[in-house]
Amino acid sequence: MMELVLALAIGVLSASGVWLLLRPRTFQVIMGLSLLSYAVNIFIFAMGRLRSGAPPVLAGDVSDPARYTDPTPQALVLTAIVIGFALTALFLVVILAARGITGSDHVDGKEPDA
Amino acid sequence: MTQADVPAWAAIIVVALAVIGSALSLLGAVGLVRLKTFYERVHAPTLGATLGMALVLLASIVWFTTVERRFMPREILIGLFLTVTTPVTLILLARAALFRDRTDRVEDTPRKG
Amino acid sequence: MIDWNAHLIIGPIVLPMIIASAMLLLDERRRTLKAALSLSAMAAILIMALVLLHESANGAVGGGDTARVYRLGSWAAPYGIVLVADRLSTMMVALTSVLGGCALIFALARWDRAGPRFHALFLLLIMGVNGALLTGDLFNLFVFFEIMLAASYGLALHGSGEARVRAGVIYIAVNLTASLLFLIGVSLIYGVMGTLNMADVATRVATISVDDLGLFHIGAAVLGTAFLIKCAMWPMGFWLPPTYSAASAPAAAVFAILSKVGVYVVIRLSLLLFGADAGASTGFGLTWLFVGGLATIAFGTFGLVASRDLSRAAGFGVMISSGTVLASLGVGDAATLSGALFYLIGSTLACAALFLLAEILQRGRESDVGEARAVFDDEYRDPFDDEERNEPGLVIPAAVAALGGAFLICTLMVAGLPPLAGFVGKLSMISALVGVGDAAAWTLAAVLSVSSLGALIGLTRLGVGAIWTRDEDAPAFVVGAAELTAVAALLGACVFLAIFAGSALIYTDHTAAWLADPQGYIHAVLGGGGR
Amino acid sequence: MTAAVLPWGLGLAQLMLTCAMGLAAWRIIHGPRAQDRVLGMDTLYLNGMLLVVVFGIRTNSQLYFEAALVIGMLGFAATVALAKFLMRGEVIE
Amino acid sequence: MSISFLLVVILVLPFLGAIVASGLPRDARTSAAILSWVVALVSLGCLAALWPMFQDGETLRYEIPWLPSLGVNLVLRLDGLSWLFSALILGIGALVVLYARYYMSPKDPVPRFFSFLLAFMGAMQGVVLSGNLIQLVVFWELTSLFSFLLIGYWHQNPAAREGSRMALTVTAMGGIALLVGMILIGRIVGSYDLDVVLASREAIQTSPLYLPALILLLLGAMTKSAQFPFHFWLPRAMAAPTPVSAYLHSATMVKAGIFLLIRFWPVLAGSESWYLIVGGMGLATLLLGAWCAIFQHDLKGLLAYSTISHLGLIVLLLGLGSPLACIAAIFHTVNHATFKASLFMAAGIIDREAGTRDMRKLSGLFRFMPFTATLAMVAAAAMAGVPLLNGFLSKEMFLAEAVASAHTHGLNMLLPALATLASAFSVLYSLRFIHATFFGPPPTELDRIPHEPPAWMRRPVEVLVALCLVVGIFPAVTVGPFLKSAAVSVLGFDLPYYSLALWHGFNVPLVLSLIALAGGVGLYVVFGKRINANPRGGPWGWKRLNGGWLFERTMTGLFKGSEAMVRLLGATRQQPQLRAIVLVALLAGGLAAIGAGLVIRPIMPTLTLSNWAFAGLWLVGASCAVAAAWQAKYHRLAAVVLMGGAGLASCLSFVWLSAPDLAVTQLLVEVVTTVLLLLGLRWLPKRLETIRLPQAMEKRSRRRRRIDLIIAAAVGASLAAISYAVMTRPSIEGISRFFVEHAYKDAGGRNIVNVILVDFRAFDTFGEITVLGIVGLTIFALLRRFRPADDTLSNPSQQSVQDASDRDHETRSEGDTLKETMLIPRVVMRWIFPFIILLAVHLFLRGHDLPGGGFAAGVALSIAFILQYMASGARWVEERLAIRPIFWIGAGLVIAALSGIGSWLFGYPFLTSWFQYADLPILGRVPLASAVLFDLGVVVLVVGATVLTLVALAHQSLRKPKQRDNEEGELS
Amino acid sequence: MPYPILSLGLFVASILLSASVAPPSLALAVLLALLAPIIMLALGVGRVRVKWPMAIVRLAIDVVGDIVRSNWAVSHIILGRRRHERTSGFIHIPLDLSDRYGLAVLAIIITSTPGTLWVEYESATGRLLLHVLDLVDEETWVRLIKDRYERRLMEIFE
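Residue numbers (this note's numbering), protein chains in the order written: chain Z, 25 to 138; chain X, 494 to 606; chain C, 40 to 570; chain S, 158 to 250; chain R, 17 to 988; chain U, 10 to 167.
Extracted from the complex, chain Z is given alone in its bound form (with noise of 0.2 Å):
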């Protein structure tokens, strides 16, 4: 359940995110390179396969694998994150400075000709 569900979840927020980084707006595009790396994130995730309420958290002095979920796609996630943060904080700086010299939120900088 919980996997076919993620994986929907995974399908309409990838599809939102290419409709919109395929848009001429700049704002549009940086929707969407959010949302496809919310995407990509929980892909990544999906990746070490789904266990509900098995934190890898060690508990005690007990280190049975087979207690915890995978934790290298949660570091990668994290890891991912923190890069598509900066990224994304970057590309707006990037838009912004765009809008200002060439007056157009247009992606190629000028609105498109008649």
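Just so you know, these hints were derived from the structure itself, not from any lab. Think of the CB as a built atom: it goes at the ideal place given N, C-alpha and C, for glycine as much as any other residue. Take these hints with a grain of salt, some might be off.
Below, simulated DSSO-like cross-link-like pairs (lysine-lysine); rule was C-alpha separation at most 27 Å, straight line [to be verified]:
1) Lys715(R) x Lys134(Z)
2) Lys134(Z) x Lys649(R)
3) Lys715(R) x Lys649(R)
4) Lys702(R) x Lys649(R)
5) Lys702(R) x Lys715(R)
6) Lys702(R) x Lys134(Z)
7) Lys576(R) x Lys134(Z)
8) Lys835(R) x Lys155(U)
9) Lys377(R) x Lys545(R)
10) Lys155(U) x Lys60(U)
Residues from chain U that face chain R, not an exhaustive set, calculated with beta carbons under 8 Å [to be verified]:
11) Leu26
12) Ala31
13) Pro32
14) Pro33
15) Leu43
16) Pro46
17) Ile48
18) Ala51
19) Leu52
20) Gly53
21) Phe99
22) Leu112
23) Ala113
24) Ala116
25) Ala133
26) Gly135
Got chain Z; can you put chains X, C, S, R and U on it based on the hints?
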């Protein structure tokens, strides 16, 4: 202590608190949808933000206190901070709505001063 | 007390990082100090790279090739992250440091003052490139790609101005998309393999279950797409020429290596994961690399011929060079790959030099200077205003001749005409292709020859336009001593490469052989050591 | 008894909270005023936080406390920023 | 020192001279000339010293390794043929240098000219001395290159630029073809060594690669030797200074192609295809060149076409394939060099003295410069093939061969007639050259009175003309040995019988020769006037079939076509680029899936309440995502809020799926991102739904949207399918097991994720914070130059309305509204500050064991700062707190790096962690891990970078009023 | 200790966060309680003087009661029991309380109580604009606020 070791009475208390709290929250959300004007709608989520939240947090406190066999009132922190911070947003929102209405000269908007 | 040699391999990564971050602690106005710091950092990196290169060229003590492996945090591979300096990565690191050094020297003439924190960004870019080249871990590769790209965004936009920002938006959007694809690919591979270490993945490829094979291939394909975007393969590389030609010259010059990092990774992974031992996966994607490479060469050549300004032509030159290496890799022949590796070095140096030259030659004719300056009008001063030395340098008497000569050398290099290294690369590729002798090889040989001619025609037109078509009373070219030094150094490297082409080719031959048999790499990485 | 009550009761609580989130999301999507959307988001965060707490009880794990605390303590920063933006057209003046 | 070292000298000396000459000052005309002269003479001396060896057909080799792995080495190889060519190059080179000294104007940068000339000489030497096929190509291309520089020497002249580009393009194209051809030959033979190749006639001729190799090689030779249809560059190259024409376009460069043909004659000639291609091209060129030469008005143009024609003659001879014809070809090559060089020099003298080369303007120059005229007449006579001159001898041999081969091949029937016709043409244009220039009435259209040139300028011509005469009269004594030695090196020792004598008796060739002479004279008498009057200087009925014109059209077409291709195959706009990328990714994944199969094994869902709640959660999340996608164009704020909703859904999923760390981090990032987007929204234009696009555009964009929707759905479906496939697969035994087992034991942390981040894979984190730092720096740099768009310059409407209402009330002052509104929020947001710090400290300190960690702590801390900014404004905060984000970024990075380097001191690799439980007084047992230090670096950096990003953006509003003031100031 | 109440709050919060009273946690709590307020000094936040601690407790109890009661009331409204007779609207309340902390607490109380919302406060006139969900009698509300909360807050803060 594991989940199964918790006495039934505690479980019932916890479940009751949680369910009532959640129900209040749900009610608040219903109000958010049902009420007609923005100013009315602002009131609705407060249900969840006050009593609903408090009950759910209480459920958590009871639960972990039972499980850990010592007083675990950590959730109080959440309650306190939530109580303190919710008004900030609501005040700003209401004020923004008010200004907007004044600019747009909406009927029934209280005049200034 | 510290065994410096043991940590040598991480030097090219950590040193620029430390120097860069130390610079952030300094006041922005201490320019001389910063310039000195970054120059010495680059020099140190170059030395380290050369030591590593020397080591890998001479092989292990007992004979035979091996790789130097550095286990970060003392954790054994595949659990921890490892850095691997083998023939290929060392070669690329050395190339990076030469290129970076020259670009930096060029920047000292004036570009380092065109915006804040140039030196820090530059060194961090070098760090990113070196990291990406040296790492033996897929996700770590992603991280270093991001370092490299983040710094490249900064440098691409360095100096601001309309053209840069406009191209920058597309550049960043494309690369962010590529990064997402990268993540999808890496995580999918992790999902099927349970590991991130390249060598470890390679050991598991052959034994992968039938159910997982498809997923693994999808992961590899998506990952490959991400890299090919970086390589600027057609039809995913249209961002490259506008971005590189809009970027400031030193940035563009050092960017010449960025697409090559993509190429490097494609070479590395495709030969490591899909080599002869890969079972059902052997040779995965090679056909597409070949086709894409050909398309890239063709498109790049068209672009180069159609270019109306030099830096754009140089951008297309970068594309051609990527396409050439990719297509040669796609042929699946070690001798061709060896030639392609040699060609890669030469063409990268040449394209970088071309970017630098383009800036000098186009200086004074730039039409967007006015626009660019308009952006500066705010409370911050114009970056070029606050310096006593506003102009890039002195009028050197023989400037035209020197620049003409330099341009000529660039043209020969890019077009692959004799007698320089570009020719040697093309020669060895074509002769290897003739040796392969199948239809694909013939096609590639033909395309390579035609592309040479196209490059020659395009560059001659531009060169004649830039150097010969000048009024008698036009102001002489103004060239800073640093700029001239940088160009001369790059071209000197090309000449050097041509003279010692014999040894270099032997090196690349061994590299191609080493890559063709990934067992050496795998043993070096996974064989013991660490906690 | 415990084993029977807990999953059902807490599951019910979760379901109700999710419904509350759904309603809040409805308000976000439908507006009509920008203020409504922000209010909806505030509600969404609140119910999300409660969901985390209930989930903590359900899985008998205290590890999610930080997540709940962060929503409770810092989640308002996002809504305040939105509200301030609506109020002043600028988040930081 | 071995004698073969002299080979190196004669190869390297010109290049050395070129380098020295390029360093001479601009006006050092004489010293550069002397230098070049000395270089040429010394080389010639060396060559002469080597002569005795070649009388017996020996070969001298000198080998320097270059690319041993490819079989390409520098092999200097001298035999009779190359000796002859080398002598020609150096000898005529020496004469040209002398001539050029007087020809070149002192205003030109003459040393550069000599530098190029010497370099060219060296390159030519390289071609003839090459003992390796690839090396030959190298020097071959060098001759193209230096000829480009020499032709374009007067680059102020557009004709020179065009001519040089054309020459380079054509010859370099040939060079590339030649390279491939050589590689093919090398492939057939197995070696690039000339000696090996020359011994492998059998292998080459029987190889399937023979024909392609032959064609490619001929492409090289024919372009260089200006053979039809590649002849057109040569007349255009006449824009070069005359010494260049005299040297390159008569004696040396164009002869490189001939040299190549002769060199490979032994191995390639004799086949049907050789005969057809080489002979056909030669014949066509012979006739065409001669025909065109007749109509030229430019002296140099006439000479250029006559050169083409004579080269055609030589090629034809080589194409015939008989050994005698080959000898004739060698002989004519030498002869042609002597008379054509002298003619070019004479033309140069005329140009210099008369100021023009147009034959219509020239007339009767004999009376002004009788000496030069005489020299020119002799040379022209040699060109025409008048007896007693060298041209006659080789032409006789040619006619003889034409006659002799008339029986060997069906197509050769016409050969004697055509040869005679070409000879007649040759007589005709030679006559015209002389007659139109030197005879007739005195010239009227000249701007100066011609004189004899300086004596030393004439000397080279005299030497050459003397050679023509001497060779013409005493061929066997003068040129005989050299010719024989060259012939031996081509044909081997069993040379066919040939006689170098003036008189062979009254035979068919002589008759043909006489017919040609008489015919030529006759034609001139009949048509001379009309030819001179022909205005265009081209042959009759000759318009479209002009190679040069076609070439230029081709080039224009190439540029235009390339532009069109780039437009067609490329994209400049972002949307198609991203679309292409997404499609390629889809395609790549799809192909991979088709290739190996994508297996999905669904598992039965378990329907518990909690699972339904999870499904509900994602119903919310997904609708938020879709709604965000839908609203992002017109309702940006709504989109930001909706994004937050989707983000919250993913945070809660992380909670649900056992990832508390992720949930905390994602939440914190969510908050910061929202603030960030809002800060940015301030500077973006308002978009209104009411603006409608034109009908046609609307239609197009609707179609595009439909395509994008399909792409988006495909991506979504694929990712969903892939992730579902993986999630339903049993887990893989991977590296994670190690992490779980060793996190506590060997790294001292219970939170495995955090241990991975700061220990097992700390290097990733190290890189990640670097990214964050770089982004901070970049944003800072960009925003320093930030210029807002005009419509965002003014205050937001809310502020102006509120300020205005404040101003309108007498009891209120501007800003009161803000103060009152923020009264309560300020109190709360200030007092919560220390509590957030507390939270951050906890997140940081316990991160190793519980959810949290450096990054979360850092972001929490920066939110605390941002709250203060929001509450009280940037000025207020910065007056009270010293915020130096860049310093923090630097400090964070330094701390992280130093904590990594610290392990070097203990002899461990970078970032090796160390942990210990310390028993402290009072506090008891406290865990100490060096990874905490690293994490501290993370915190510091994250705070710096995040605060920098947000604050730099926020500062733009502060800068704005200043700017507006400036603008108002400028207006008033 | 410039802000004793704050320090106390921080100490307690730290203990709660650690969920432990072991010596290291206590030490950390003390340390944070002492150090964190420094930032408040830097920000120049004025100190708070509270007079009647017991009044606080009593007020808190009353507020909790009010909250529970109004939760009940508002639930009814939302469920639509009293839709027809109900009017909502704004009321103005003249406030005498001027201490910012007092006002802040008042705002929190009013907003936290479902059914009332703090909208606008004018510092010059001390007039507070309130939105009330169930506005039966304006005067009752004014009395309620002034007597029940404002007076007691003035006792505490002024």
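* **Broken hints, by number** => 15, 21 and 26
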